[in-house]
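Chemist: So you can see what is in the structure, the chains are spelled out below.
Number of protein chains: 2
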Amino acid sequence: MSTTQANKIEINKVATSKINQVDFDNLNFGSVFTDHLLECDFKNGEWQTPVIKPYAPFLLDPSARVFHYGQAIFEGMKAYKDEQDSIWLFRPDENFNRFNSSAVRMAMPEVPEEVFMNGLNELLKLDHEWIKKGLGNTLYIRPFLIATGEGVIANPSEDYKFMIILSPAKAYYSGEVKVLIAEHYSRAANGGIGAAKTAGNYAGQFYPTSLANKQGFQQIIWTDDATHTKLEEAGTMNVFFRINDTLFTAPVSERILDGVTRKSLIDMAKKEGLDIEVRPVLVSELVEASKNGSLKEIFGAGTAAVISPIAGFSYRDEYYELPKVSDSFAMILKEKLTNMQHKLIEDTYGWTVKVS
Amino acid sequence: MSTTQANKIEINKVATSKINQVDFDNLNFGSVFTDHLLECDFKNGEWQTPVIKPYAPFLLDPSARVFHYGQAIFEGMKAYKDEQDSIWLFRPDENFNRFNSSAVRMAMPEVPEEVFMNGLNELLKLDHEWIKKGLGNTLYIRPFLIATGEGVIANPSEDYKFMIILSPAKAYYSGEVKVLIAEHYSRAANGGIGAAKTAGNYAGQFYPTSLANKQGFQQIIWTDDATHTKLEEAGTMNVFFRINDTLFTAPVSERILDGVTRKSLIDMAKKEGLDIEVRPVLVSELVEASKNGSLKEIFGAGTAAVISPIAGFSYRDEYYELPKVSDSFAMILKEKLTNMQHKLIEDTYGWTVKVS
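If you read the protein sequences in the order shown, they are chains A and B. For my numbering, count along the first sequence from 1 and bump the result up by 1066. For my numbering, count along the second sequence from 1 and bump the result up by 1066.
Bound conformation, chain A alone:
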């Protein structure tokens, strides 16, 4: 056991790394974890000393609040290695701030910046060998916070556990994605928790998505729950539409997650001179644009897949195929963004942050 410079994180290293057992050319997303994790408990009203220790299962009481009342939030981030073996993060402050916004909405304690950011930095430095160089190689970072307090009574927990786990990943390719526009099911309520990155939002999508899968669609484009006329998110991603040469995406709201990739693409599009409008997009507009040939692209945007192009959509039992475009905005933006993240081109936005 040793102590970091910060003199605040306890570090307990593995005896033997398991890195040699991992085939880095054949990774299933989110299924392999590095040697260590960061853990920090909240009890008696305060955060305890963060600990970096070997990745391993941990004990929870059967009455732990997370099992019964769902206080659970997370973030998705990535670390990249440049050609000089330096490690980089992409806009980590955005994830940190959103994490704590989610915490507030779910009545959980906010995690101190020191614990989240210093903890992450130290963890990345310790497991640096798990980050491979080259476009398409990343280390997926999963910070999460769960309610560990005991007792089956529906009120906020007094105890919590914050953890960061790391999973090496290859470029995320999901195959051809056809989507179904939601006409009945929805992912978020007005005045609900749709803008929080909380566990229950995801579980709620699985059943409607499984129904879509059976019809041959990989994802659902979620619409507003009251009228099902406004396009909101695609699967677990934000969604963009290109009509003629203008990109559209919905404004964030209580129902729509404030995605880091989404906001980065908006800024990049502006700087690149692409037309972009942030406004509610109607299902009827999309159908109309597809019919008159002005709909060029639809794509999802999120940390895991970066950009996920959509091949076509179904609405009211009619399927609308998207054209193949030679000047795909999705591909232009994705290339620029991933090159910037991997430090292969200059970051003129100040978004990349070196781990040191």
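Don't read these hints as lab results, they were simulated from the structure. Any given hint might turn out to be false.
Repeated chains share a single entry, so a pair holds when one copy, or any two copies, can fit it.
[What the hints assert, rightly or not] Once the Cα atoms are required to be at most 27 Å apart in a straight line, the calculated BS3-like pairs of lysine-lysine come out as: (1) Lys1109 with Lys1084; (2) Lys1280 with Lys1109; (3) Lys1357 with Lys1244; (4) Lys1199 with Lys1409; (5) Lys1144 with Lys1198; (6) Lys1420 with Lys1409; (7) Lys1079 with Lys1109.
With the hints as your guide, set chain B onto chain A.
Modeler: Frame of chain A; chain B shown alone:
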């Protein structure tokens, strides 16, 4: 280790019961658990042998799906002991069926009746000393199912754990309850998961409820998320309104839980000759009825509290106090229902089921 008659449940008893350490006259709801729990894992596509074993913490991987994507459902039930020391359940088939409806909505495997009901019966027989005689003494039963599969990828888990834990309880008394009618926040979306008894629905209520608490209100009456004009649930309970001598409660829907106490009260009211109407109730009706003096009672209905009378409500910054009524329908129904559950009066409905 021994095997039950059913030859299917493995039983592993505690060496020493902890029952003597428990003060049964001073129990905080949901905080003390009996000696044993039932556990049954789902893996490789099938349910494994159920096991009854000592109540204790268990190990989970940090990437377990329940922490990240919220697949988690539960039920709330009670067991009662009559004067002859027989153990009784109240409409357990309703909880069993709702549990599996919740499972379907959350893309989880349904629990076989044999595992749920036989498992519960055997567990209750083993921990029978924890059920005390007399009105107001109950054993709260918490069956729950969580996703234990590993991996941070947002799709349904392949592995699950079903558990039943038991907690001795005194009559649940929450003090005077004043409620705030929701004008902004909401608990459920159209096409969402409000009708499922799933963990995330509860966590989403904590923050709005904490804001209400600061204003001096113990609970929120939830309204529909699109218009906030229809009264739907009170806190974590169904809600009834008495205007003149008629009781009203909203019909169940995708947004409203199909409560066992709620449906029992509806049937009892009908049989007792009380006027009852199941239809959407508007906030405006409630305000109007309060102003003209026809609003007599509001009460929540659920397994934990049975019936929870409400003293007054606030809407648009105005507080409406309820009158004190001498012929409280809430009290008439509660007495009848709890007496029936404890076998102190005849059960003419066939709702009580003996554990044997």
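Chemist: Have a look at Lys1280 and Lys1109 and pick one of within, between, both or neither, based on CA distance no larger than 27 Å.
Modeler: between (45 Å within a copy, 23 Å between copies)
Chemist: Between the shortest in-copy and the shortest cross-copy C-alpha distance, which are at most 27 Å for Lys1079 and Lys1109: within, between, both, or neither?
Modeler: Cα proximity of Lys1079 and Lys1109: one copy only (24 Å, versus 32 Å across).
Chemist: Could you place Lys1199 and Lys1409 in one of the four classes (within, between, both, neither) given a Cα distance threshold of 27 Å?
Modeler: within (11 Å within a copy, 71 Å between copies)
Chemist: Between copies, within a copy, both or neither: which fits Lys1420 and Lys1409 at Cα up to 27 Å?
Modeler: within (10 Å within a copy, 69 Å between copies)
Chemist: At most 27 Å between C-alpha atoms: does Lys1357 with Lys1244 qualify within a copy, between copies, both, or neither?
Modeler: Close inside one copy (17 Å), not across copies (55 Å); limit 27 Å.
Chemist: Given identical chains, is Lys1109 near Lys1084, meaning Cα to Cα at most 27 Å, within a copy, between copies, both, or neither?
Modeler: Only across copies: Lys1109 and Lys1084 sit 26 Å apart there, 32 Å inside one copy, limit 27 Å.
Chemist: Is it within, between, both or neither when you check Lys1144 against Lys1198 at 27 Å Cα-Cα?
Modeler: Answer is within: at 12 Å inside a copy they meet the 27 Å cutoff, but 55 Å across does not.
In terms of the numbered hints stated before, the structure departs from none.
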